[in-house]
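Put the two chains together into one complex, using the hints given.
Chains as they are written, first to last, in our numbering: chain U, 349 to 1139; chain P, 22 to 280.
A couple of the hints might just be wrong.
To be verified - Covered by chain P, according to a simulated footprint, are these stretches of chain U (three or more residues, beta-carbon under 8 Å):
(1) 1061 to 1069
(2) 1128 to 1136
Stated by the list, open to error - If you want the ones that stay clear, here's a sample from chain U, every Cβ over 10 Å from chain P, calculated:
(3) R545
(4) D569
(5) S1057
Don't read these hints as lab results, they were simulated from the structure. As the structure is a computational prediction, the values presented were derived from the model and not from experiment. Think of the CB as a built atom: it goes at the ideal place given N, C-alpha and C, for glycine as much as any other residue.
The residues making up each chain are set out below.
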Amino acid sequence: MPKDGGPNGGIGASTTRREDVRFLSGTGNYTDDINIRGQAYVHFLRSDVAHGRLNKVDTSEAAKMPGVVRIFTGADFEGIGGLPCGWCVTDKHGQPMQEPAHPVLAQGKVRHVGDPIAAVVAETPEQARDAAEMIELDIEELPAVIDMKAALEDGAPKVHDDLTSNLCYDWGFVEENKDAVAKAFDEAAHVTTLELRNQRLVANPMEPRVAIGDFNRATGDHTLYTTSQNPHVIRLLMGAFVLGIPEHKLRVVAPDVGGGFGTKIFHYAEEAFCTFAAKAVNRPVKWTSSRSEAFISDAHGRDHVTTIQLALDKDNNFTALRTDTHANMGAYLSTFAPSVPTWLHGTLMAGNYKTPLIYVNVKAVFTNTVPVDAYRGAGRPEATFQLERVIDKAARELGVDPVELRRQNFITEFPYATPVAVEYDTGDYHGTMDVLESMIDRAGFDARRKESEARGKLRGLGVNCYIEACGIAPSNLVGQLGARAGLYESATVRVNATGGIVVMTGSHSHGQGHETTFPQVIAEMIGIDASMVEIEHGDTDKAPMGMGTYGSRSIAVGGSAMVRAAEKVINKAKKIAAHLLEASEADIELADGQFSVAGTDKAVAWGDVCLAAYVPHNYPLEEIEPGLEETAFYDPANFTYPSGAYACEVEVDPDTGKVEILSFAAADDFGNIINPMIVDGQVHGGIGQGIGQALLESCVYDEDGQLLSASYMDYAMPRASDVPFYAVDHSSQTPCTHNPLGVKGCGEAGAIGSPPAIVNAVVDALRSGGHDIYHVDMPVSPSRVWAAMQG
Amino acid sequence: MYEFEFVRPGSVAEAIKALGEDEAQPLSGGQTLIPTLKQRLAMPSKLVSLTGIAEMQGITASGDGVSVGGATCHADVAADGTIPALSALAGGIGDPAVRNRGTIGGSLANNDPAACYPAAALGLGATIKTNKREIAADDYFVGLFETALDEGEIVTAVTFPKPEAANYQKFEQPASRFALVGVFVAKTGGGVRVAVTGASEGGVFRWSAAEEALAKDFSASALDGMAPDADGMMSDLHGTAAYRAHLVGVLTRRAVAAC
Ligand SMILES: Cc1cc2nc3c(=O)[nH]c(=O)nc-3n(C[C@H](O)[C@H](O)[C@H](O)COP(=O)(O)OP(=O)(O)OC[C@H]3O[C@@H](n4cnc5c(N)ncnc54)[C@H](O)[C@@H]3O)c2cc1C
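So here's chain P without its partners, still in its complex pose (with noise of 0.2 Å):
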């Protein structure tokens, strides 16, 4: 690590005040970024923590969804249970060590393509609230490790719709025990939609083609011997594009009959 001053402000007002200097940059739960500054890789001037804001925290549901503060630790969200679905996937999230200390907000404003919270967002619709607006999900996820996010915005809260079912598929790469594929499909009154993580080589995708084919029959069957192009998939030491492709497919149809 390199030397960096660090802060721990008790409002999102103090947290963006202290983001406006050069060089600063939020820490939420440090999985991520810890990591990245122990190996030398970023070079923050200054670190200001997130997790002591207390509006940042916790859980809220609501008659139609639940609310979840940006600096919420993925343990918590485990252990809600509002959207069952939301929780069985925090619950899968790295080991309990990660899962006490990493945040959904850490998660989604870092966007890593195979990561779980993407999924959901986009599979349940999030609207994702940052210190100046709200972002639909289907607009903030832009592309590997992109959001919409600017300089110095940060995740404050996500809120998410109750679906009528939802399930969420993960394939665990088997080193990292990220997504080496995740799938979540949710059907809501709005229509079945089907998310995509650990796949693309653009990240978070909806597969729209097993949206409509869900639409028209949320059944298993209904996606039979589907899976959806291989080009523009991610490739690797755990995984070939054709794989991932075609565990998408599989994937899919096992969160539907999981619904």
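The following block holds chain U by itself, in its conformation from the complex (with noise of 0.2 Å):
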């Protein structure tokens, strides 16, 4: 049974989130908010071609410019580490991914439009830009690489001259399944082939990118304020890698920030650039990105070009899956870039069915464009849509019922351990589907298209499934995939002598509700109102070591460790309230804020432990020591796996292609729920970017490595009138069996589940249009399905 959340606002409360207060009222404080005295703004000027020689930077008279404190080239950064990567990949033959170097400012060539040329750190913003412009370039334009297929072909222009190719890796997934997957497709009843795009997306959080540097002169110490989804993660690549500064001397703070979606995990050169020039210069050194400049630097997402073919025996049982997709990794290696195509991608690819045997081959290219990595789903809704745009494809070549089909070759039973390496601790997903169907009324449908085509209208129907793995991540497990870092999460729980509490967590707010929801869960454990806690996050000088948000691994992760780190206060303050209630301490209960002696009516409040922790005049010095504050890390068993079954309905006008949503319904299972209403605006969100990739999201480039979709004019995102209203159902819930609170997490779901729904909706409107048509790619616009329907 769900919890409600009881009378202190605990877990299964749908509180609202008290962090929008500050939102709403324009009283945040993001990263542009914080102005220091004396600060300088640097402007990057950036290479407007996408791969060129620079034969000469010439500042001489940019450096005569009113206002200008100095000027920085690669030259200035010649011995300075470039920016890590934070993940090797071995590829099919054993061997580590070709790993480029990524200078801060480029250094002998420019590899992609935006691509930092230099810096001019000036007294004001305009000054700074007014100089940049006075810049000598002499850049030798070379031969751009776009496409990935090109890419690859023999005699391509290199994007890095000292790599053998532009191939990044070539990944095989199992390896060792490869031949038996062959055999298998060889003795399929039925094979369905799919070629598909999934386009490359560029994030757009509604705050750009902002980085402050701060040197203190007095103390050595380095501040760097930086528009981050996680600042322990920034101070360890950017302290040990790029500017060699220990961690004890840098303090990384991301306060506020306004959406992040994936992009602003990674670590960018501008960060690293404040830091360096604030020293340098001996001044605050700020960087606002205007919207036109992140369009070109901040790291973008997807971008797969994948093949994938499904086989079936004679009884529509899948039998095999094999996939071979080509991955844009961009000019350089973002942050966690070569992950996102391989251990978040090929191990999904089982999603919710029981295929014996899996075979997936990834190439990850180089090419002249902005380095692509993780997006809201990373990897996985990659997987997601090819999957089960597949599935779709063989229920219409088969003449079956794309939900029967799907329900016939469900995993049913758990732990299940599948091919591509997890292990599945739960799930239920006929139950899912169950609470699906009786969400979207099928039965209806058929009125309800005649309905529209007496409009003139084709409606379509799409229903899919997704699983995610979230909870990011099992430290030794990911170490051996080839992760440089550990992927824990920790928790400071402080409580004070009058018995609120502060808790210290390394994962980071963007926009998730934190602040609200986990001392929802502190509430619950020990019967105290949640405003009794407060939440800090985002300050490397407060949290101890974090690993940050993403992957939706907050709650699943930083929840768990605060879940830990509050045990432990528990147990001490058990101790505690023993000693004063003079009885022993396996007898202690603690229950709505009350600890008590069991069986009896003696009892010691929650602030009176406290205040004793504190004012230790009657307390037990000689056994425990004074104060109640604990810490905890905690590092997943496993991933956790949330899972849904979506549905979407269409309509697509037959004379200029346009497509409707008319309704859109999310049934998942995300286990146990800390805050029903966040959890819904989350799903809704992602079902928003979702329907952004589906109908109207498109990065792109043309031949030369110009972006053509390089601001609002030509980038649609999506917009309130563009969605429905959406029916969002979490009452399937097998909670997860390996973290305290049997939480899944749920903040990319409706980004990965979404997209396969709509595009498997206009499919069906079409084909109930009479038109002889599997696939439109993404974004499905009106020229796209006007294009389709001519054949």
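Written as structure tokens, this is what we have:
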């Protein structure tokens, strides 16, 4: 039975988000709101060609411009580390990936439009920009490689001259399965093949990136304020690999952050630059990205080109799956880029189905484009899209019901070890699909379709499932897979003398609502009101080492660390209570904020125990220390596996090709739920981004590497009028078996699960109009749909 | 932005004087010009604001039409309703912020090939009044971002004759929400006019084949299967030339049906 939160606003309460008070009243504290006395401003001069040799960067005239403090070029960073990559993928021959250098400012060559060449530090942003225009560049333009397959051809221009080719790695997973998979395809009764593209996206968080470097000459301490999802990770990467600053001399603060969606995970050149320059010019140095700059400097997402094949036996059981993907890395390896098309993608290819044999091949390719890395879902949307689209195509080819074909192949027994290296702990895919079917009135669809046809419209229904691996991730496992970091999380629970609590967590909240949900957990554990608990995050000087927020890991990993720390606090408090109540510790029970002696009416309140801990007059000092503060690190034993079933109904205007989403239903299994309203909101936002990908968004380069969709005039973001009122249900709950809260995470589900439902629905609609179409690439724009209808 | 001077004259005469200086440029609602300046794609030495000029503000209806001051914002035209199709067109431009600042004079002077007002001006056979002459819409639109205006000449008013029936159909470009294709159809005493924006490489144009067909039979079915030649249509991320040509046919039929 799901909990309802109880009187204290504990687990299960749909408490409104306390952080929204400051966000909605304009009193948030975003990085750009921070201004440090004496700060100077930096403007980056960026390459406007995709590929070129930097023959000369002459700053002599620019340096004379008014207000210029100093101009930096690549030469200033010689001998300083480049931006590191946090994951090394091993290819199918057992060799490490090709890993190019990634200088803070371009050295020798520019490799994408937006690659920073020089940085002007000046008194005002305008002066910095004016001076940057005076920098004289001699760039010998080189042919650019944009298309991934062309980039792998013999004789293709090389993005990095010192690498053997543009191939980062050729990954086979599971390589040992390859022959068995081929045999299963030979023996299949039916094979469905689908070629598709998972288009490149720009994350577009509402707040563009900002970095401010500050250096204290008196102490030698560096501070970086930055728009990051994981300040500790930035501290480690930048301190240890780029600038050589030990962590105790470097503080990274990520205050309120206006959305991340993955693109604020990574360590960026601008962060390292501002930190470095602040010391070099002995002034705080601030950079604020413009929206135009964000398009050419924030890591992009997706950009996979895939051929997927599904083999079925004569009874329509899935017997094997094979996929072949080219994944665009862009010009450099962003922090986690290599892991996205491999370990976050290949491991998900089983989906919700008991396909016994799977082989995934991924070629990661360098091109003269902005680096590509994790974007909401990261690898899992790409896996889900191709799998759910090929199943849909198979159902249509075979003339069977797409829901029944899925159900027939569902995994039903847990734990379930997939052929792609992961073990699902729990799930109830039939139960979740039952919930979905109860939401969508499938029986009434034919009547609705007729009604649409009467208005000259084509109506379609699309259904799909998804599975994701969240709660990232067991450190020992990811270490074997090439991660150069652990993926635990930490929390300190600090109880104050008067009973209030501050939790310092390494998880970062930038839209997720941690400041509301984390206190609900503590409230539930202790039986005090949630308002007595406050969350501190985003400052490496406050929270212990943390790995940050991505991969739907906050409550599953960060929340678990907090629970472990709170358990330590409670255990110690019980000892104090036992002393105060003159009882045995084993008899002490905690409920409703009271410690009581089992079977008696003797009790002491939470607040009195806390006070005793800090005013230890009557206290077992010989047994325990004063104070009440504990820290825990939690390393998950496995991923968590949220899953769900989504359905979408669309109407297509056959005259124009325009698709309208009429309804969208999401049935998710997130395990236990802390705050149902926030979970609804996360799903709504995720589906909104999924609709953006399915119908609108596309990041497009021309063949010379110029970004055609470089502003909102051409990059189509979803707006309120593009999305329907969603029906969201998360009553299907199979709690995670290996974390203390039984939670799975919900942050990415909507973005992972929704695109295939929409495209499935569009294909269904078009086929009902007599068009022999199995696929339309995303974004399913009016012009694409119209072209598809022309055959 | 680069630095510039800013003046806000109170009359057309003062504005023209101020515009006589080198590199001076009129600023109306700023919805096109300000983003251009922020991108540093223009470098005027002086901006001459037209929004403080009373004689360029407001809408006056006369028996046979309506005259709109050159610095009248889209929201005011949207609220007017004398020519419902014109008001509906203005009400469909951008978002409320754009409509409350952007002006008819700025739109017609800019002549963006995807803008809406050019279709209304050409479709209704408007007259563009400037500080020195009157220009018939048929002579005003010269090409992409090009008009018959001379250097330093400003649009002070636009007069639209009232049609018997008219309708504007706009198919939005998914990102900018400008017209991927927009068609303005007007039935007037002098015949049928069909003006198309968003589609052609030459900017707004009259689709004469459709006008002829509709002059004989003003019904959507008179245009069955018709579309202009795809040659000369724009092609970009959001639609090929063939798609745009097809949309012109669809939208014209819809506009006629809605008249
Ligand atoms: C988000 C957004 C969405 C938009 N959507 C649409 C849309 O859907 N459809 C559409 O049609 N438009 C759209 N626009 C453009 C909008 O209508 C602008 O207001 C219009 O194009 C320019 O008018 P303005 O008054 O803002 O002119 P300004 O930006 O001030 O000036 C534009 C140009 O015209 C010159 N100029 C201005 N006034 C005069 C004058 N009276 N005489 C001579 N020259 C003059 C200026 O010097 C400048 O070169 C959109 C704009 C934005 C920002």
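Checked hints:
1. As drawn, the region 1061 to 1069 of chain U meets chain P at 5 residues by the rule of a beta-carbon pair under 8 Å; at three or more, the given contact holds.
2. Proximity of the region 1128 to 1136 of chain U to chain P, defined as three or more residues with a beta carbon under 8 Å from a beta carbon of that chain, is established by the 5 residues found.
3. With 10 Å as the threshold on Cβ separation, the claim that R545(U) sits away from chain P holds: the shortest Cβ distance comes to roughly 15 Å.
4. A cut-off of 10 Å between C-beta atoms confirms that D569(U) is not in contact with chain P; the least separation is 37 Å.
5. For S1057(U), the requirement that its beta carbon stay farther than 10 Å from each beta carbon of chain P is not met, with the minimum near 6 Å.
The structure fails hint 5 only (numbered hints given earlier).
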